[in-house]
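Enquirer: Residue numbers (the working numbering), protein chains in the order written: chain G, 1 to 307; chain S, 308 to 503.
A portion of the hints provided could be inaccurate.
[As the list claims (entries may be wrong)] EDC-like mimics (lysine to aspartate or glutamate), calculated; alpha carbons at most 20 angstroms apart, straight line:
1) S:K344 <-> S:E460
2) S:K470 <-> S:E366
3) S:K345 <-> G:E111
4) S:K369 <-> S:E351
5) S:K345 <-> S:D400
6) S:K490 <-> G:D104
7) S:K344 <-> G:E119
8) S:K345 <-> G:D168
9) G:K83 <-> G:D104
In case anyone wonders, no lab produced these hints; they're calculated from the structure.
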Amino acid sequence: MPKNISKRTRPPAPLPRSNSDPSLKNRGRAFAFLFAASLLLAPPAVHALEVPDKPSGYVNDYAGLLTASTRQELENALSDFDKNTSTQILVALFPSLEGEALEDFTQRLIERWRPGSGENPNGVILAVFKNDRAVRIEVGYGLEGALPDALAFQIIHQEILPAFAGGDFDGGVARGAAAIMRATRGEYTAAPKKDPFQAHAPAAFFLFILAMMLPPLGYALIIGYCMFVLGPGPGFITGVAISFVLFIFHRLLSKMNGGQTFSGRPPRYWSGTGGGFGGGSGSGGGFSGGGFTGGHAGGGGGASGRW
Amino acid sequence: MRKALPLFFAVFAIFFFAGFYFSGMYNGLVRAEENVKKAWSQVENVYQRRLDLIPNLVETVKGYAAHEKNTFTEVTQARSKAAGTLTADVINDPDKFAQFQAAQNAMSSALSRLLAVVEAYPNLKANQNFLTLQAQLEGTENRIAVERGRYNEAAQAFNVRLKQFPTNLIGGMFGFHAKEYFKADAAASAAPKVQF
Numbered sequence: 001m002p003k004n005i006s007k008r009t010r011p012p013a014p015l016p017r018s019n020s021d022p023s024l025k026n027r028g029r030a031f032a033f034l035f036a037a038s039l040l041l042a043p044p045a046v047h048a049l050e051v052p053d054k055p056s057g058y059v060n061d062y063a064g065l066l067t068a069s070t071r072q073e074l075e076n077a078l079s080d081f082d083k084n085t086s087t088q089i090l091v092a093l094f095p096s097l098e099g100e101a102l103e104d105f106t107q108r109l110i111e112r113w114r115p116g117s118g119e120n121p122n123g124v125i126l127a128v129f130k131n132d133r134a135v136r137i138e139v140g141y142g143l144e145g146a147l148p149d150a151l152a153f154q155i156i157h158q159e160i161l162p163a164f165a166g167g168d169f170d171g172g173v174a175r176g177a178a179a180i181m182r183a184t185r186g187e188y189t190a191a192p193k194k195d196p197f198q199a200h201a202p203a204a205f206f207l208f209i210l211a212m213m214l215p216p217l218g219y220a221l222i223i224g225y226c227m228f229v230l231g232p233g234p235g236f237i238t239g240v241a242i243s244f245v246l247f248i249f250h251r252l253l254s255k256m257n258g259g260q261t262f263s264g265r266p267p268r269y270w271s272g273t274g275g276g277f278g279g280g281s282g283s284g285g286g287f288s289g290g291g292f293t294g295g296h297a298g299g300g301g302g303a304s305g306r307w
Numbered sequence: 308m309r310k311a312l313p314l315f316f317a318v319f320a321i322f323f324f325a326g327f328y329f330s331g332m333y334n335g336l337v338r339a340e341e342n343v344k345k346a347w348s349q350v351e352n353v354y355q356r357r358l359d360l361i362p363n364l365v366e367t368v369k370g371y372a373a374h375e376k377n378t379f380t381e382v383t384q385a386r387s388k389a390a391g392t393l394t395a396d397v398i399n400d401p402d403k404f405a406q407f408q409a410a411q412n413a414m415s416s417a418l419s420r421l422l423a424v425v426e427a428y429p430n431l432k433a434n435q436n437f438l439t440l441q442a443q444l445e446g447t448e449n450r451i452a453v454e455r456g457r458y459n460e461a462a463q464a465f466n467v468r469l470k471q472f473p474t475n476l477i478g479g480m481f482g483f484h485a486k487e488y489f490k491a492d493a494a495a496s497a498a499p500k501v502q503f
């Protein structure tokens, strides 16, 4: 077998969990079986009331409790508030909890909708449940300083419940939202949205230079970096794709320079396991998204009330 | 010699990739365990939060119901006991975990009894300070529920990973322990209910 074809032109080796190795295949089967069995330990919870997807508007009246003018005014006010302070206050009115626990549901709600942004989202949800006569302010992690439980409790009992008891939902919701805005104003200032690509520009530049000068190492680092940023699966594929493009680019450059030929002697850095390193880095899930934590939106902070 | 060379490379490659694979498994376990520890520290935070509210609550109630000495003693003692069980190594040890849960349940019971006492004093119930404390207490109980749920999830993810084959081979070797779960308390002492 000619020596110089084997390592040089082969793209980076795929993950060792491939179809070729029989012992890995059996292990993979056992793993898959155990994994599937383990899923039985945690059957997906069945809920009577499902959390809707994150809405586009700030005021979401699923129960038809508010008048159109109130809805519009409130929508404008909350939208302006978001633009000025980056704090998102969402209002949601549901017809019924349908047997769900109040705090349980609002917890799922804030995790799904994630008002606000950042690792500690600065958002609040004001949720009203008509048939259960319950209202809750669910506070995101980012606003726990500005809107502590005691204050949320006060807002509910002083601003919202008196109005609700008299059947005035427009007034109650409007006053509640206004109070929440007062409490959280000044806590955050709207930061200009960062262009995601800018953050990676310096690294990309460095990696590009490296890929041109020391291809195997450069490709391995590109793949590793992509896996770090995008997660193991998509990152690996993206990294390989980028490496492949750079590889083609590199060959074209070489051909244009008329310098390196591919006749007898492979260039120094192609030797031995140089080509294999790019693939080895992906095995066994050893690399994956770095320190990204659970990133929950809220910790159950806020207050409830019934009228 | 030349015939042995491919074999040598094959064996080398197998060990090389096996090394990566096992290191990947080990790292996965480490990551999962750190998630559990993080979730646990959140649990400790919220339980500590509850403990911090107690002295203020006791003082406020004493202002109106000074003669209910038994209840106050009970609450204060339960608080000290509960504070003593809040450590990080609790999650690896079933006995310590059971002690921890028992202490926190006792705390909940004592709190319920204190709040039951309050029912008889309408002036106290209307006191602004007391209302604030109650709101904070309610919020804290909710937070406790949330963080316990998240801890259980993290612990489950770790335990499943640890006990599966072939990760369990590594787990035993490097001294990873299965994590304890919070169990629902079957007895009557639920979270203190705040009624208006």
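Enquirer: Compare the structure with each hint and give your call.
Expert: Results of checking the hints against the structure:
1. S:K344 <-> S:E460: Holds, because 12 angstroms separates the two Cα atoms, which is no more than 20 angstroms.
2. S:K470 <-> S:E366: violated, 49 angstroms
3. S:K345 <-> G:E111: holds, 18 angstroms
4. S:K369 <-> S:E351: violated, 28 angstroms
5. S:K345 <-> S:D400: Between K345 (chain S) and D400 (chain S) the Cα gap is close to 17 angstroms, so the pair holds against 20 angstroms.
6. S:K490 <-> G:D104: Measuring from Cα to Cα gives roughly 18 angstroms; hence the hint holds.
7. S:K344 <-> G:E119: holds, 19 angstroms
8. S:K345 <-> G:D168: violated, 44 angstroms
9. G:K83 <-> G:D104: violated, 30 angstroms
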